[in-house]
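Peer 1: Sequence:
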Amino acid sequence: MGSTYTIFMFVLLFVMMYFFMIRPQRKQQQQHQEMMNNLKKGDEVVTIGRLHGVIDSINTEDKTVTLDCDGVYLVFDINAIGRVLSPATTVKTEKKVVVDENKETTTEEDNSTEEKSEDVESTGKHTIV
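According to numbering that gives the first Met the number 0, the sequence shown is numbered sequentially starting from 0.
Honestly, the hints are just simulated from the structure, not real lab data. It cannot be assumed that every hint is accurate.
[What the hints assert, rightly or not] Okay, derived cross-link-like pairs now, BS3-like style, lysine-lysine, Cα gap no bigger than 30 Å in a straight line:
| hint | residue 1 | residue 2 |
| --- | --- | --- |
| 1 | K39 | K62 |
| 2 | K39 | K26 |
| 3 | K62 | K40 |
| 4 | K62 | K26 |
| 5 | K26 | K40 |
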């Protein structure tokens, strides 16, 4: 009777460890891998060393990413990306196309913003627009 109770307790302990430790860790790894697969140029990211930057280019062969950190370009292993602060935005612009002299039709185009423009203030500081 005592040995079956001990075996039952070990099985129960393993099941509890699975649901409280192993399963959430696998979900977190899966979410991180999905984030890595969705990285693209223009995403604002934070590395695991807490360095903030914007993705300038991604090399899938070498599994590296080049970050633009206020004009300084740094190359990191793609696994060094800790999180994405804001993904690259998609801007919709409206373009008018003249079909006839009396008719105008409008079409929408998706232009992905790849780089952010910077304005230089009179003090010499850079502000991101």
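Peer 1: It remains to establish, for every hint, whether it holds in the given structure.
Peer 2: These are the hints, each one checked on the structure:
{"no.": "1", "hint": "K39 - K62", "result": "13 Å, holds"}
{"no.": "2", "hint": "K39 - K26", "result": "22 Å, holds"}
{"no.": "3", "hint": "K62 - K40", "result": "14 Å, holds"}
{"no.": "4", "hint": "K62 - K26", "result": "23 Å, holds"}
{"no.": "5", "hint": "K26 - K40", "result": "26 Å, holds"}
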